[in-house]
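I would like the entire structure built from these sequences, with the hints used as guidance.
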Amino acid sequence: MFCSRSAAAILRPKLVLLATVFASVSSIAFSQDSFMSHFTPSGSGAGVVNRGDFNNDGIPDIITGNNGGSSGFGVSVNLGIGDGRFHNPLNSAAGVGTFDIAVGDFNRDGKLDVALAGYIGSTQGVIQIELGKGDGTFTDGQRILLASNLNATGISAGDFNGDGKLDLAAVSNTTNQVYFYQGSGTGTFTRVKAISVGSSNLQLGEAKVGDFNGDGKVDVVVSNFTGLYILWNNGGSFSFTLKQIGSSSNGIGGTPVDINQDGLTDLLIVYYTCPVGKDIGGTCTNWKVLLGRTSRSFKQSFNIHLPFEFQGLWGTTAADINGDGINDIVGIGGVYLMFVWLGNPDGTYQSTPLSFQIGSDTSASDLVASDFNRDGKIDFAIPSAGNSSSVGLAVFLNATPRNACKPSIVSPSVTVCEPQDLTYRNSPVHWIADSRDTNHPVNAMQIYVDHQLVVNAPSSSLNEYLTLSKGPHFVVTKAWDSSGVSFQSNRSITIYSGTPGETCPASQNSIDVCLPTQNQVTSTSLHVFANSASVAQITAVQVYMDGKLIYNNTTGATYVDTAFPVATGSHSVVVKAWDAQGTAFTQSRNITAQ
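So the mapping is simple: this note's numbering equals the position in the sequence shown, first residue as 1, plus 54.
Straight-line C-alpha distance at most 25 Å; calculated PhoX-like pairs for lysine-lysine:
#1 Lys219 with Lys271
#2 Lys219 with Lys165
#3 Lys187 with Lys165
#4 Lys460 with Lys342
FRET-style restraints, in silico, Cβ to Cβ:
#5 Arg347 with Lys187: 41 to 47 Å
#6 Gly268 with Val508: 19 to 25 Å
#7 Asp504 with Thr244: 29 to 35 Å
#8 Gly623 with Asn398: 49 to 55 Å
#9 Asn563 with Leu507: 46 to 52 Å
#10 His141 with Tyr605: 18 to 24 Å
#11 Gln86 with Arg347: 35 to 41 Å
Hint data in this document are derived by calculation from the structure and do not stem from the laboratory. Backbone N, C-alpha and C fix where the C-beta goes; we use that ideal spot for every residue, glycine too.
Shown next as structure tokens:
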């Protein structure tokens with residue numbers, strides 16, 4: 055098992071933002087694919103983000119790594135409420151400037167811990183272990199001091215030697231070595247190896263993990279800005295084979311994620327900037343997909359070209375936004391925007407992305423995907439985003455209506471349309487899957503829950519209801535063809551008992567009122583639930599009752615979800631949103647309270 059996200063923002067080139075980008079936003083595709091966004095306070099200087107259940111209540115929480123200059127600000131945990139909202143941050147490890155965080159249960163006590171990569175003082179590099187108390191706070195654990203002027207900028211956790219205990223891989227922005235630390239299983243680590251990568255005058259900025267060839271061993275991908283490298287895990291005592299898989303003089307990075315959902319980790323490759331002279335006609339490759347294969351190699355499946363003015367794409371990942379069973383590509387770029395390239399069943403992506411406003415903070419460079427309101431759809435959190443009146447975590451709750459299942463036509467493949475990966479569900483869970491193999495007929499499909507066979511069907515599709523116990527589960531959906539070959543798709547889901555959070559879809563350049571309905575008869579507590587969307591940042595959401603302003607949210611949230619007291623009788627309710635260009639969107643409802 056491994057859990058990690060890396061981001062070394064200090065090594066990334068300055069994001070070049072041209073005025074033409076904002077003008078081009080109006081041409082970006084929009085539909086009922088929508089989010090409800092709001093801001094919640096975060097740790098000061100938050101730059102990297104991860105997820106986890108840090109108080110073991112069955113609700114996803116957010117953790118940020120904070121970089122507050124020479125004073126350092128450690129980490130902050132925003133405990134989830136369960137409906138997409140969060141409590142104010144709980145701060146730990148003050149004094150550690152944090153460039154990256156790795157999450158895992160390092161001392162195996164059932165509580166999540168974190169490893170921080172960063173610095174203390176002005177020049178002292180450090181790896182700081184923080185042991186979870188189970189309430190969202192941490193106890194200072196082992197402190198591993200690095201050489202002076204050697205900042206730790208990237209860190210990941212994984213069981214690299216196969217002993218069942220989490221280890222660490224760390225890099226620095228002042229050397230070209232990957233440092234491996236063996237975990238004791240009690241929360242302490244011992245340095246066991248350093249592997250040189252690339253040229254000695256090019257420093258490493260990120261280290262991330264995945265199983266790219268599906269052999270059950272944790273591999274490592276690292277970048278020194280101009281080159282991207284894989285350390286293939288040979289098994290045993292921290293033995294790796296190094297191979298370069300990409301290069302760019304203008305910056306290159308890779309995010310490990312199972313893009314085609316076949317059980318092997320893939321790489322979403324990002325080129326940070328476009329070379330001068332390749333700024334006409336969208337000739338610069340900005341991102342591409344490399345699919346992992348069992349042969350210790352990758353297969354390029356797709357690349358997309360973006361114009362020069364679209365420089366920089368950060369915090370990338372793959373997730374199924376619209377519930378059609380096909381992963382989409384998500385990243386931060388442009389003028390403070392979250393972009394989504396919708397995936398197609400043939401393994402390609404729509405060339406024109408959906409776009410969602412984040413705020414006006416240029417430091418937004420990382421995101422994390424989770425099901426924060428536990429409604430079975432993937433949401434996102436982005437640190438260091440906001441506008442002039444609100445700085446904090448930008449939380450995007452997925453309000454996109456579920457699309458019809460669109461099984462992959464790539465052969466062979468298993469498409470699980472429901473449930474989506476990383477989501478929270480009530481039991482029983484509706485499991486909808488389809489398989490395809492153009493060479494041989496599929497004659498059986500199976501479902502394994504936590505490595506136990508629970509469904510064995512002589513079919514090429516599944517429509518099942520699974521009764522699962524409360525808590526996290528790892529579920530494998532496998533297909534077998536007539537030649538005896540199997541292929542699969544994996545899901546990590548969490549079962550809970552409770553009511554999921556609600557969302558209200560919004561059409562572009564409008565405000566849509568989901569509650570109350572027109573001519574609704576209600577009690578004297580009126581629930582107003584409305585969401586808005588615009589090509590420009592939403593700056594205010596207002597509610598008027600009989601012409602009187604009763605609600606005015608200017609924090610940058612796109613929606614209102616509030617109960618208001620109302621006297622008996624007939625009333626006019628107007629919900630209004632304003633964007634940064636001064637445009638107002640309005641919808642009204644007539645209601646009767648009794």
